[in-house]
Structures are given as structure tokens and as C-alpha cells.
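J.: The listed protein sequences derive, respectively, from chains Y and R. Using the numbering used here, read the first sequence as starting at 1 and increasing by one per residue. Using the numbering used here, read the second sequence as starting at 1 and increasing by one per residue.
None of these hints come from the bench; they were simulated from the model. Glycine included, every Cβ here is placed at the ideal spot set by N, Cα and C. Please note that the accuracy of each hint is not assured.
Said to hold, decoys possible - Below, a list of computed lysine to any residue pairs in the SDA-like style, where the Cα atoms sit at most 25 Å apart:
(1) R:Lys15 to Y:Lys147
(2) R:Lys33 to R:Leu159
(3) R:Lys124 to Y:Gly106
(4) Y:Lys147 to Y:Thr61
(5) Y:Lys8 to R:Ser97
(6) Y:Lys124 to R:Lys124
(7) R:Lys30 to Y:Asp136
(8) Y:Lys15 to R:Lys25
(9) Y:Lys15 to R:Leu159
(10) Y:Lys15 to R:Ile141
(11) Y:Lys15 to R:Gln16
(12) Y:Lys15 to R:Lys33
(13) Y:Lys15 to R:Glu29
(14) R:Lys8 to R:Lys25
(15) Y:Lys70 to R:Glu104
(16) R:Lys33 to Y:Lys147
(17) R:Lys124 to Y:Lys147
(18) Y:Lys15 to R:Leu114
What the hints assert, rightly or not - In silico contact screen, one side only, chain Y against chain R (beta carbon under 10 Å); selected entries:
(19) Asn6
(20) Thr7
(21) Lys8
(22) Asn50
(23) Glu101
Number of protein chains: 2
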Amino acid sequence: MITHNNTKVIAEPGKQELFIIREFKAPREKVFKAFTDPEMLVKFYAPFGNTMHFNHHDYRTGGSYSWNNKNADGQILCTFAGTIHELTAPERVIQTSEFMELPERGHAVMEAMLFEEMENGGTKLTIHDVCFSVADRDAMINSGMEKGLIDIFNQLDELLN
Amino acid sequence: MITHNNTKVIAEPGKQELFIIREFKAPREKVFKAFTDPEMLVKFYAPFGNTMHFNHHDYRTGGSYSWNNKNADGQILCTFAGTIHELTAPERVIQTSEFMELPERGHAVMEAMLFEEMENGGTKLTIHDVCFSVADRDAMINSGMEKGLIDIFNQLDELLN
């Protein structure tokens, strides 16, 4: 378990899952909307000064999405695409996700995002990712995902204030 | 590992995944179509004399589906719903699936179906399911899934001949 800038990552060795936990000082409805409304997502969901752009979005149970991150030169750094298995506001999203720049297709991830109300009025977000293999899970961790998420979550803190 | 009526189920203890392997004496295009064409699916995808009915279907990358099995009295026995993360004919489908009669939502499964051409002209189907927990995986196995699949696959053998 690593806790860094309020972001906790739990990834037990040899497992094909990981957990990311982060608390936000904002009500659950607001945090849920930030993660499921494309107009909100583009405001914070690209780290390190990059920008997020949607190819398409349909955030509902049974919907799908595709987006990328671009650098200041307009170059695409990464593309993610998937489906929304369940979207139950303001509690839970279950979606698939795939990093489309990998040399082969098929390394999809299933992700549950759980939004819980805290006694202090804040919101606890728990992201639970499961992969087709331990190697896929380890590749996610080694991709620098954590640093990117820390930056994204800090940007969301500012947006929510 | 259990092999029964040509259907092999691999479920290692303590893992959140399982594999189902079955060979069919038919070309890959035909077997792929059987598992992705609703008009074909309703002909074999209900075991023990029950019948399959779609609530909706959109079998394409980014699509979704919902179907149920009914008994002879028209009673719904089970409903499954999910999204199609990837549909690449005639090789691979990646989809989510959830058994909707469970007392709570959220126990989704991500499933890859891989269709491989065999040297004898037949097709090897490998189904790889990953769950959010070992308990979810074990519940699938204990649900009688295997007996149902054996019956379904035998019905497909007849349909393909």
C-alpha cells in the first residue's frame, strides 16, 4: 500500500486487481458528477498540463466512451475507450477501459468506482480495477498511472473548491 | 480442472478468474456467428428445455444486451445484462455480464471469448471470466453454471451439424 498526496493505491503482489482510494472535500453528488459528466471531466482529467478530448461519450448504463489526452503541441499521448456497464448516480459506476496505444488489443480492464458519503460531508472514492492477468495489472502500475492520478485528483480538488 | 462432456472448466482455488474451453466441429466463422447473432443465440443458449428471449441486443463494439431464460410456463429463470467492450469477427468478443436476479447489483463479470481455428477445421472456444472477487467467482461456479453450459454447447453441436 502506498499513500502519496492523499491518494492510496493498494496492489497486493500476484493479484489481478488493484484499489485506488481518495477522499474529496465535497458532497457526493458533486464528486460523482465530476467523474461522469464529460464537460466536467475535460476540466481536470489530464495530468501534467495536458488536455483531455472526447471522441465520443454516452455516460449511461449500456453506453460507451472514447477519449484521449493531448500535449500542448496537440499530439495524442494516450487514448482510452470502453463501455459503461452500470451508472447509478450518485453511488456507483462500473465500466470497462482499454489503453488503445498498446501494440495489441484485448487488455481490457473492468473498473468499479464507488462514491461514499463521509461523516464530515466529504466523499470517499474507491476505484477497484480487475484485469485479465497479473501481468496486465502490473503493467498498469508500472505505466506511471499513480503519478497521473495524483495530479488529476489534485486538479479536481481545485475545481471542487 | 474438470472435463465433462468435452467442456473443460479451469478454476484455480483463490483466484478471481475462470476458464471454460470447448471445441466445436465447425469453422470459426460459423461458431463466432452462433455466439454473437441474437437469431442464432435464441436457438441454443437456454439449457434444460428452457427458452432464451432478448430484451434488447446491439452486438457491436460499444453495444449492450439484455436477455433472459424462461421455462415452459413463461416464468423468468434468470436475466443477464451487459455491454460489448469489443467485437472483432471472427476472433474475439470482450463483454461484461451481470446476473440480474442477485439481491444486490455490482457483481459484474468481464468475459473474453476467443475463437481459434484448429488444424482439423474445427474451432476452439476459450471463455475467460474475471470477477471483482474470489467470492463472486466461486458463486458463479456453485450456481450450476457448468451443467447449463454443457447442455448449451451440446445443443450448439446439433445446430452446427
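J.: Going through the earlier hints one by one, which of them does the structure break, listed in rising order?
T.: 1, 4, 5, 6, 7, 8, 9, 12, 13, 15, 16, 17, 19, 20, 21, 22 and 23
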